[in-house]
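Residue numbers (our numbering): 27 to 174.
In case anyone wonders, no lab produced these hints; they're calculated from the structure. A hint or two may mislead.
Unchecked claim - The calculated lysine to aspartate or glutamate pairs, modelled on EDC-like cross-linking and capped at a C-alpha distance of 20 Å, are:
#	residue 1	residue 2
1	Lys139	Glu163
2	Lys89	Glu70
3	Lys143	Glu111
4	Lys139	Asp122
5	Lys143	Glu130
6	Lys104	Glu130
7	Lys96	Asp42
8	Lys32	Glu70
9	Lys67	Glu111
10	Lys83	Asp42
11	Lys104	Asp57
12	Lys96	Asp122
This structure is a prediction, so every number in the text was calculated from the model and none was measured.
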Amino acid sequence: MKISTKGRYGLRAMIDLAAYGAAGNPVFLSDIAKRQGVSEKYLEHIFGTLNKAGLVKALRGRKGGYLLQKQPDEISLKEIIAALEGPCSLVDCVSDVKACQKVETCITRDVWKILGKKIEEFLNGYTLSTLVRMQGEKARQDTIMYHI
Numbered sequence: 027m028k029i030s031t032k033g034r035y036g037l038r039a040m041i042d043l044a045a046y047g048a049a050g051n052p053v054f055l056s057d058i059a060k061r062q063g064v065s066e067k068y069l070e071h072i073f074g075t076l077n078k079a080g081l082v083k084a085l086r087g088r089k090g091g092y093l094l095q096k097q098p099d100e101i102s103l104k105e106i107i108a109a110l111e112g113p114c115s116l117v118d119c120v121s122d123v124k125a126c127q128k129v130e131t132c133i134t135r136d137v138w139k140i141l142g143k144k145i146e147e148f149l150n151g152y153t154l155s156t157l158v159r160m161q162g163e164k165a166r167q168d169t170i171m172y173h174i
């Protein structure tokens with residue numbers, strides 16, 4: 027499983043949105059683009075996908091921008107990655123039994139299934155609020171190290 031640029035940038039943008047939109051204030055895509063060093067046009071595409079998945083909503087007008095659809099502690103890393111990358115399936119035979127003739131006898135399918143569940147458990151173990159907190163801690167550590 028390899029996370030694409032869309033997945034990586036989308037996750038960073040969601041963390042940014044959760045951090046800067048914490049008070050329920052809409053966040054401009056242009057501000058996220060500047061802070062994250064990502065093209066605003068590319069973020070429009072990513073946020074379109076996140077909107078369809080029900081993770082963000084767009085507000086139009088002068089005071090518009092983007093908001094999270096749910097609280098940051100209700101959005102898992104798995105939800106974000108699944109919205110941007112699709113289902114977490116390492117090999118076709120795990121999600122589609124017709125993809126392999128040896129599905130009943132192949133031990134590697136069982137291994138991929140177990141690994142997929144472990145990855146899913148890991149991704150479910152992190153929420154957007156956890157990632158925002160971790161980002162804040164990392165920023166403080168970087169500041170401390172800079173001043174030493």
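Hints and how they fare:
1. Between the alpha carbons of Lys139 and Glu163 the distance comes to roughly 34 Å, so the proposed pair goes past 20 Å and is violated.
2. This hinted pair checks out: Lys89 and Glu70 have alpha carbons roughly 17 Å apart, not beyond 20 Å.
3. For the proposed pair Lys143 and Glu111, the alpha carbon gap of about 17 Å is at most 20 Å, so the pair holds.
4. Proposed proximity of Lys139 and Asp122 is supported: the alpha carbons are some 12 Å apart, at most 20 Å.
5. Between the alpha carbons of Lys143 and Glu130 the distance comes to roughly 19 Å, so the proposed pair stays at or under 20 Å and holds.
6. As the CA atoms of Lys104 and Glu130 are separated by approximately 29 Å, the hinted pair breaks the 20 Å bound.
7. Between Lys96 and Asp42, the direct Cα distance comes to roughly 15 Å. Compliance with the 20 Å bound is thereby established for this hinted pair.
8. In summary, the hint linking Lys32 to Glu70 is supported, as the alpha carbons are separated by about 11 Å, within the 20 Å threshold.
9. Note on Lys67 and Glu111: the hinted pairing holds, with a Cα-Cα distance of about 19 Å set against a maximum of 20 Å.
10. Proximity of Lys83 to Asp42 is assessed by CA-CA distance (about 15 Å); at most 20 Å being required, the pair is judged to hold.
11. Of the supplied pair hints, the one linking Lys104 and Asp57 is violated, its CA atoms being roughly 25 Å apart against a limit of 20 Å.
12. This hinted pair does not check out: Lys96 and Asp122 have alpha carbons roughly 32 Å apart, beyond 20 Å.
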